[in-house]
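K.L.:
Can you make the complete structure from the sequences, with help from the hints?
There are 2 protein chains.
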Amino acid sequence: MELTRRRTMRLVPGALVSAGLAGGAVMASPWRPAFAQADPLPSWNDGAAKRSLLDFVARTTAPGGADFVAAPERIAVFDNDGTLWTEQPFYFQAAFAIDQAKAMAPQHPEWKDREPFRSVLAGDMAGLAATGEKGLLELLAVTHAGMTVEQFNRSVTDWIATARHPKFGRPYTDLIFQPMLELMALLRAHQFKTYIVSGGGIEFMRAWTEKVYGIPPEQVVGSYGVVKLERRDGQPVLVKEKAVDFIDDGPGKPVAINHFIGRRPVLAFGNSDGDLEMLQYTAAGSGPRLMGLVHHTDAGREFAYDRQSHFGKLDKALDEARQRGWTVVDMKADWNTVYPFQKK
Amino acid sequence: MELTRRRTMRLVPGALVSAGLAGGAVMASPWRPAFAQADPLPSWNDGAAKRSLLDFVARTTAPGGADFVAAPERIAVFDNDGTLWTEQPFYFQAAFAIDQAKAMAPQHPEWKDREPFRSVLAGDMAGLAATGEKGLLELLAVTHAGMTVEQFNRSVTDWIATARHPKFGRPYTDLIFQPMLELMALLRAHQFKTYIVSGGGIEFMRAWTEKVYGIPPEQVVGSYGVVKLERRDGQPVLVKEKAVDFIDDGPGKPVAINHFIGRRPVLAFGNSDGDLEMLQYTAAGSGPRLMGLVHHTDAGREFAYDRQSHFGKLDKALDEARQRGWTVVDMKADWNTVYPFQKK
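Chains as they are written, first to last, in the working numbering: chain G, 1 to 344; chain C, 1 to 344.
Bear in mind the hints are in silico, worked out from the structure with no lab data behind them.
One or more of the hints may lead you astray.
Copies of the same chain look alike in the list, so a pair counts if it works inside one copy or between any two.
Computed list of lysine to aspartate or glutamate pairs in EDC-like fashion (alpha-carbon distance at most 16 Å, straight line) [claimed, not checked]:
#, residue 1, residue 2
1, K228, D245
2, K50, D113
3, K211, E73
4, K211, D158
5, K102, D46
6, K228, D158
7, K343, D39
8, K242, E133
9, K134, D39
10, K242, D174
11, K50, D39
P.N.:
Here it is in structure tokens:
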């Protein structure tokens, strides 16, 4: 007597709802709401990518079918940077760290002569890059640690509310991909649990993913630092420390999926070589699988980059996807809309 | 337009369903199924504990009420050993490790003269205890590491199917607390997400919690070791290494809750001093809260122990619970049934 109704959608005041996605539609589903004839992926042009997605959802959720996947096993994982939102001209979390450091600079006159802060304050990105991992970790430490989890959450929320992307002049959370919102809504309407599995910081993402993607904090997997329990004013508080504990990228992604979710996904979507192991791990499971890549081919509406990019380099994974017949999304050809604000 | 229907219950072939819990009932809920008059907690005797639970669920889920908690915030966390199942005469995971070591002994003749294995094979629990943390970690290493996550899962599943508890002569998974199953079913019927937050090993629990408690792997938080991605026969596999990464006990529990869930619970249940920080952290949030302790007072039907116990010592947390008015469950007085197999 498993109920086959739609799961309650999380109703949040963000992009997902305003984009009108509450009514994803279906094909071979046991329930047929009134809007079943609507296209659940209207921002996707007809083509192999769209067809592979619709076909996968239909096959895995048709009771009695050879490819049926029981609802608890319907785990779908998505990289974030470059897969669910834009990652150029550099990761948005780096923009956050730079903006935070600039805001803190008046309290740190010594930073004028000290790297990586000298480069950050001078807007010298090449200089920042030249400080290497040591410099970047120091930048992360001062902007992401030494505060409680709640304080950090507030600093991210405040930044999201005010910061603007250099190319689009819009909040960073406007630069999410409308077709991917539609795909996630379609999956959730079919009882898939949608997860983020990203190299980005777990606390950084959790501050806004529920509002923007409809993905609650407990379904966000990312890189993380050490957190300690302390007492302040007699109350227990969780404090973010400087030490990085785990980088959720490359071979870390299958490890993190096992760690946080404990099941192998049946669907995985990425856009770079950092997602390759996650895609391979998903593919190595038994039964129906869908592995997808967003290929950034649209310099006009977004950005065009792959094998040579400093951020989101897509090289080996693109070759393997083509060789193995994974779903490769050509942004320019497959998406008639990129961002929610461009919707007609 | 949030749907206020019951959430789909995970239908699993285990105790939860056979115990007839699919129909939890409710009071001040917006939906009133046909069975709304049934007592959702039939194994709980009328008393302060039962009333506090029913009252909390009613208050936090009544739309428009002063204590209403939005569905996404309805996070309920439960310790496992001693809270959801029995933990005497020693933690069941220790019984698993001992049984595994015995089964492996023929391949390790050198263990006869080497601690901690000499004590394990001789059934000398005092000798095992005397090997201290080093001995216990070595026992864990040989029984919990050096294999893939899938292989370990199988070894746990096989053990659960055959091992018997020394006092009851039943599978360990029979020794789960019927009243707690009812409480978790009631919470889920009101859109609470129920999590385990236990000092036990995360992979050990994930092998059976979905079947036994209706708690899926992704809602199981526990202690964990290092896991690495390797390639075997050209396929990516996840291998459990010997190193312990994190102990989810005491001050670790709030850290793990933040790490895995990313929200502060509104309800927490434990039974020992190892749960105190989790209860304090839950209590320190704003809005309605429920903190509960299972007090083992029933030597006849289960075990009676608290301040002096080697396993599940309950001392400081008992004092603090009484002082702060938390819900203290007196097993003997509050539960008319302890285990599902005792149900009339």
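K.L.:
Against the structure, test the hints numbered earlier, and report the numbers of the ones violated in rising order.
P.N.:
2, 5, 6, 9 and 10
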